[in-house]
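Chain by chain, the residues run as shown.
2 protein chains.
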Amino acid sequence: MSTTISQILIILTLAGSILCGKILVFPHDGSHWVNMNVLIQELHFRGHHVTVLRAADSWYVKEQSPYYHSITIDFSVGGDAAFFKTFVFRQLQIRREGSSFWTQLSLDMELGRKFYEMHRKICEMVIRIIEDPKLISSIREAEYDVMLTDPANGGGVVLAHYLHLPLVFNVRWTVHGEAQFAIAPSPLSYVPFPLSLLTDKMTFFERVYNMLFYHLRLFFYKRVVGPHYTALCNRYFGPDVYYFELFQAADIWLMRVDFVFEFPRPTMPNVVYMSCFQCKPPKALPDDLEDFVESSGEHGVVIVSMGTLVGQLPDYIADEMAAALAKLPQKVIWRYSGKKPSTLGNNTILRDWLPQNDLFGHPKTKVFVSHGGTNGILEAIYHGTPIVGLPVVFDQHDNLSRMKYKGVAQVVDIATINQNVFLKAMLEVLNEPSYTINMNRLSRLLRDTPVQPMDNAMFWIEFVMRHKGAAHLRTESYKMPWYVYYSVDVIAFLLLVVSGAVFLIVAVIRCLCCRACRKKRVKQD
Amino acid sequence: MSTTISQILIILTLAGSILCGKILVFPHDGSHWVNMNVLIQELHFRGHHVTVLRAADSWYVKEQSPYYHSITIDFSVGGDAAFFKTFVFRQLQIRREGSSFWTQLSLDMELGRKFYEMHRKICEMVIRIIEDPKLISSIREAEYDVMLTDPANGGGVVLAHYLHLPLVFNVRWTVHGEAQFAIAPSPLSYVPFPLSLLTDKMTFFERVYNMLFYHLRLFFYKRVVGPHYTALCNRYFGPDVYYFELFQAADIWLMRVDFVFEFPRPTMPNVVYMSCFQCKPPKALPDDLEDFVESSGEHGVVIVSMGTLVGQLPDYIADEMAAALAKLPQKVIWRYSGKKPSTLGNNTILRDWLPQNDLFGHPKTKVFVSHGGTNGILEAIYHGTPIVGLPVVFDQHDNLSRMKYKGVAQVVDIATINQNVFLKAMLEVLNEPSYTINMNRLSRLLRDTPVQPMDNAMFWIEFVMRHKGAAHLRTESYKMPWYVYYSVDVIAFLLLVVSGAVFLIVAVIRCLCCRACRKKRVKQD
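Going line by line, the protein sequences match chains A and B.
Under this note's numbering, residue 513 is the last one in the first sequence; the count climbs by one each step, no gaps.
Under this note's numbering, residue 513 is the last one in the second sequence; the count climbs by one each step, no gaps.
Computed footprint of chain A on chain B, listed as stretches where at least three residues anywhere in the stretch have a Cβ under 8 Å from a Cβ of chain A:
hint, region
1, 171 to 178
2, 475 to 485
In silico DSS-like cross-links for lysine-lysine, where the CA-CA straight-line distance does not exceed 25 Å:
hint, chain 1, residue 1, chain 2, residue 2
3, A, 456, B, 394
4, B, 392, A, 467
5, A, 456, B, 189
6, B, 412, B, 315
7, B, 456, A, 392
8, A, 189, B, 467
9, A, 189, B, 456
10, B, 352, B, 271
11, A, 394, B, 456
12, B, 392, A, 456
13, A, 394, B, 467
14, B, 394, A, 467
15, A, 122, A, 10
16, A, 73, A, 328
17, B, 189, A, 467
18, A, 392, B, 467
Simulated from the structure, these hints should not be mistaken for laboratory data.
C-beta: ideal position from N, C-alpha, C; glycine also.
The whole structure should be built from the sequences, with the hints applied where relevant.
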């Protein structure tokens, strides 16, 4: 009997530790949502109640979901899918035509204006939420335990502070650039700034470039996004509350990378590497795909996917790619929603969507042709599939340059692609065993963790709910002025004291010497 | 049938992952061994083979153990227990008598010489190992998987490099001071240097003190221990291999603290916080102790333990402590091997040894009177027992100042102790609920980890064995000269370029102005 009681007690204790919390989510639209949705599903499965704030015209975030309750703000953020699709085409064209610096700059500035506009609208959305008395009091009354947000926009940060909620980030990029640069010391001598294509071992001029690039990006971020969030903070919290500080004060940063992917660098105690939290063992393929894969025989299959943003490609690129793929003895499965390339081989099938994780996990999969998105690369590492990279925009070049450096990828310029170059890269990765050997080594490292990444992510979200934050894991060094943080005032003071002391000693010695000389002279006289 | 086969496969896979490795241990003698021995026992229980290198006259490390095989080097390191015991007495006397700065300095220098001598002897022991052909070849032939060492001495570091073994540290202090200062960026504006008694929030003059103190300690460490290890490296690896680099290149640093105990600070990916890895739920007390504890009624018990180094105290201190403890309504259990204090109350029993963890875990335990050793404090936090601290030497002041800052301890100067002051502190911690409330909060934080600390420590030792190191988790920034690490050369170069450009522009403008003036003058003429 007493055993039964103790068993019940254990069950109750476990049930208590799996606290059923209320989580408010302020997501970032676009491909970022894909990751957030994976976390939300898992939170739902663990019994938590998730509420997602979304704009009426959200690009990715659906109103209806079995996993979350949504609050739709009657407001258009204008994710501008159309712009981003033409942006990709224009970017490729500029690179292909080797257009002038000014053409590229003009496109970059247009992109900057789009981001500027996006952040302005997100701030307006936050105002709309806070200043809708019915909405904000319903949010208050729901008594959420935590705000989960992607700090690629700052709406969730401001709203969390307004609602006095602890803050958890699902993050790789922040409004100010790469996440860790905002809170961990990042010596520019060995921490390459993202998008710089540098490694952690740089020559002198690479280090010069890294420093210039870092300051340029920081300037850009501050100009493009700073004003909106500063105005928002001024509006609700007065002039003494700085947006950048609110954001640095987040309790937990769930980072979407780790050091199998990234170069090692200083980190902070409240940064949790959840890395490939979406990776899982493969399920069986649908029958038609399984038949197709099996039909590849000993040659195996090649998986081609250019991500959600690049569903279509300019015809000339698709044709060159298809022509090269047609020459392979492998079968090819290509996720592609554009016009069927004229050079498509019999060995290639096109699909709108692929069960990517299950395909990577299939023993017949030999190579992944990728645009270089973080998720795809992490899944490829998890399953040990080497990569041929065709980076298009944003962090894709940087991601793939890391993979190339680690000996698991070949990278081809997609803008100037021709079938021979692409075929050569494909054959290199298919036939040279080192790519697979290296990728299998990375796979073993990525999988070898004391806690599964998803369990780790869930643990820390629940930790913040249990303890109402994680203040003991974060420094408040961000509140210091820069000259205090870098001890410039202390060094200046010590230099002053030392030079004062030296001056005094010299003066005394001089004075003594003068006196001695005078006495000598008096004696001589 | 197929289910059975798959079950067998799973079991075999698990068995494979629980690799039975061979671990070579180069420990640090004294209280450091207590921690190392706990790790060794666990490694033994997990099926690993542990070999410990020890000097013939080792103070703590026994030759015979059910948990490890030992290799005794026929050599006297001279742990000098006698010196350290008199050192404690002399230290207390100096503080009680308020002796001059010079008396303190003279004692400190004597201590410095002892450490200097100890490190010299450890280096001699390493030479003795390497230059004994039979011994070193037997070590080589054993094909160890990893070197586990406490870098409070550098013997294990040099030996690991000599034997080409991956390196795991069980560490809080290194030869060069606090462990993290050696590898993680440590801004002195908010990272207090250990032994400084500072917190992570400092005034200007505290920051000045922190900087001076840091450089002073670094100078001390380099003078006291640097020469021996440098000579050792020169002897075996030539002039291009620096001891400090070998030591910074360790694969994994198992830190014996965490951020419930320490202030938050930057860290590195290869630092694993195992913190209270020796803490565990309490077992039942021996009958006599249980009866004594139960007899305390509602008042509960007080546990007094001054650690392994301070088994005895000067009579005047023991008498004052005993007199104060005699006045408490609580029962007192005192770990003490000295002469029975003349003022000992009826409520107090003395014991040579205590089942400390089981006593802390007893619901009747109210307060822990501690010298401030890290292990005891962590156990007290784990079980939620507030502290009255009587720091004696080394890091004890610093440890207890952290606990005082967190509102879980009162600290009394043991050197000038009198029964009234001690009694007041005891009553304060016994009667003011905030101490227990705060300690229970810390306890909840300390226990709330995704992996048990001991499992985490074991995982990472086994990780290093599985992957022959953990190179992907450590930077090689330690190989950079300081001016490269801090980008001084890059900043100087950029300043040069900017000032060059300014100079050129000014020169051109001047030249143009001069020409314009000349033309004007010519015209006027």
